[in-house]
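Dock the two chains into a complex; use the hints.
Residue numbers (this note's numbering), protein chains in the order written: chain A, 1 to 241; chain B, 1001 to 1217.
The hints are simulated quantities; they were obtained by calculation from the structure and are not laboratory data. Cβ coordinates follow ideal geometry from the N, Cα and C atoms, glycine included. Honestly, I wouldn't trust all of these hints.
Derived coverage of chain A by chain B (criterion: at least 3 residues anywhere in the stretch with Cβ under 8 Å from a Cβ of chain B; other residues may be distant) [stated by the list, open to error]:
1) 108 to 121
2) 143 to 152
Here are the simulated distance ranges between beta carbons [said to hold, decoys possible]:
3) B:E1006 <-> A:E232: 39 to 49 Å
4) B:E1006 <-> A:D48: 38 to 48 Å
5) A:A228 <-> B:P1072: 34 to 44 Å
6) A:R91 <-> B:G1191: 42 to 52 Å
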Amino acid sequence: MLLATTTSTRDSGLLDDLLPGFEGTSGCSVKTLAVGSGEAMEIGARGDADALLVHSPAAEEEFMAAGHGSSRKLVMHNDFVLVGPAADPARIENAEDAREALARVASAGARFASRADESGTHAKELELWEAAGIEPGGSWYIETGQGMGETLTIAGQKQAYTLSDRGTFLATESLDGELLFEGGRDLLNPYHVIAVRGDQVNGACARAFSSWITAPATQRRIGRFGVADYGEPLFFADAER
Amino acid sequence: MDPIHEVLGRSAFVSFTATAIALCVGVPLGTWLALGRRRGLRLLAIFLNTGMAIPTVVVGLVVALLLWRSGPLGDLGLIYTLRGMIIAQILIAAPLIAGITMAGLQALPPELPDQLRGLGANRRQLVIRLWLEARVPLLAAAMAGFGHAISEVGAATIVGGNIHGQTQVMTTSIVENVGRGDFNEALAYAGVLLALAFVINALLTSVQQRAAAWARS
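The shape of chain B in the complex, shown without the other chains (with noise of 0.2 Å):
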């Protein structure tokens, strides 16, 4: 088992990395869904929100079966390492972030879009105007991203295999200590993984409260 502050630091930049890639990809997706007009779209939409539910597991699985050396990946040399950890869990959170963030768009006033248009905003000014609108959803859609990769441990265990000093992240470790009966030291990552969870998640609420405060005023 390695020092508890490695494999925290390890949790750490496994999930912020992949909360901050699906980010940049989950919110223009999310953005697109919500404003465009094209039929297919509501299909997406689906699809979307069926990612919302997808087991951790199952992403581990798909995840493991293509960066396997065996497998199309193979050559990348990426399954057990913190790259290929980061590439589930950016397929974990991305759908999450997507999600919310259509649904925090479609909450704005119906009619806020064509006005913005009328004011003669163009389509980025446009984007980035309802970005600000719906800056509290937005963050709300961060906190879950984040908070579903770093409590996930199917896929980290699949894909990172737990490898002591080099993959073993929080959640990991907490099942190894559950097999061999140390609960007390199970008991330890728990905690301290929930404080993690609640530092990260105060910072940005306050944030967002912030955000609601100045958008009443």
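Next comes chain A alone, as it looks inside the complex (with noise of 0.2 Å):
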């Protein structure tokens, strides 16, 4: 069975932890692609991936809409936080969202790295950024060009905030930067398991796998994943609510 998933759950390990537990169980041998969540979709959509795990909502909706999937099912979420320096000079730490947390930047005159890398975590600051009525730009607004390892180190070393994926913060060392701002629905990032549907697609081992992902046994290993190494899990398991 071929799974085309994001690079997230591939560089995070998870996967490696997981995939073992499946193939001994179901007889299903899984190769995984880790792609973008829209290449993944692209694949699925030409019948060349049996299963998907992705983060991308709306576009998996078009998706399941366009008749490419037999089923879609909300797996685990891992979520942003915003970084920034230990003395948070824009006081975001007691903002109500991270909409106001963002606008606190700006107004503040705060300097804020963005990856400007075109990748889903530039979409998610974008989309935060409209959502907060300001349109970033000048010089406190630092484009990297980047990936978020690179750019969590320069935004330390700038007194920067910026917007990481929490794996990748836990994940970087000797960062001279805090987590500030956690929660809200807006810095959630759903992963949805899809069964494809085609002629040519292994459709067992899809839905085995399909359900297997979403099973209370496999649900706890995702929840404790990361914890050893980083004393806090890396994803949330979701499939259970």
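Written out as structure tokens, the structure reads:
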């Protein structure tokens, strides 16, 4: 069975942790293809993948509406956090929500580091700026054009705020910055599993994978993943709710 | 992404400045090593020749660690600035310039310094005369230093940070475009960077060849 998924599930090591358990019980052998959510869905629409594990809700709904998937279930989420200098000059720590936090950064004239690389995280950041009614730009808005780890480092050195996924923030070493704001609906990043519909698709394994990854035992394992290394989970299991 | 002419201008400014300063440091250093007779100089020459081969990311890493806010020079606020990048590129270009200067002066007839001294030249006149004799390799040193500085990406990324509108240069733009899969844009930047290198080297080469022809006549 071919599973098309996003780089975050592979880079975090989650799939390496989970998949042997599935292969052992189901008799399906899984090959994973780690690509962006958009590309994963394109591959699925062509029938070249049997199951998808992706995090792009709007595109997923279109995918289902077009009849490419036979089922779609919520699996888990991870979340984005706002990181910034320990002194928190813009006082975002007690903001109501992420939008207000960003608005405070802008009105305090504090620096903000953006990945500016058209990644999922960059798209999320732009969405939040738009929700806050601010068009970011100017000398306080630092566009790095680099990955999350590099951008976190630059933000730390520049005493700037930045938006990061929790996993990369936890995994990046010798950072000069602190987690200042977390929580709220608009910082959630939900992952769904989709069993692809199609003639040449391995539907049996895809359905088995979809029910296995949402089963209570797997969900508990997802919730524990990362606790040993980082002291907190990287993903939050959602299927039971 | 910034407009290409801004990025190009930034690249040229950083590398020109760095090469100019590296010439002021590297040429005297190479001269001193070529003419000196003291014992320790050979060891220094080995260090210098190693410096010619040092990976630019290593220079970048060391300079970044020094300039980081928590580093010994952090108070200067030079990390992720053009001045920080210039410092890194000076360290990249200077060993190359000094090494080629040293080799160029050592290739002059060995009796030349003594003859000049015999003619009553003082130290300053002697050195200037030797530089004039070695002008062809000295220009080659300048070209090599500039070429190394403008083409390097490791130090520019680590020390500069590729910050749009501030420290993004040609090479880091190319890497960024490759990262996002925009190979056409990356190739366009590569073409412009090559064109700049071509123009600079065409100018220097014509000066060099004129100097060589004058030396022969």
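Cross-check of the supplied hints:
| no. | hint | in the structure |
| --- | --- | --- |
| 1 | 108 to 121 | holds (count 3) |
| 2 | 143 to 152 | holds (count 6) |
| 3 | B:E1006 <-> A:E232: 39 to 49 Å | holds (42 Å) |
| 4 | B:E1006 <-> A:D48: 38 to 48 Å | holds (42 Å) |
| 5 | A:A228 <-> B:P1072: 34 to 44 Å | holds (36 Å) |
| 6 | A:R91 <-> B:G1191: 42 to 52 Å | holds (48 Å) |
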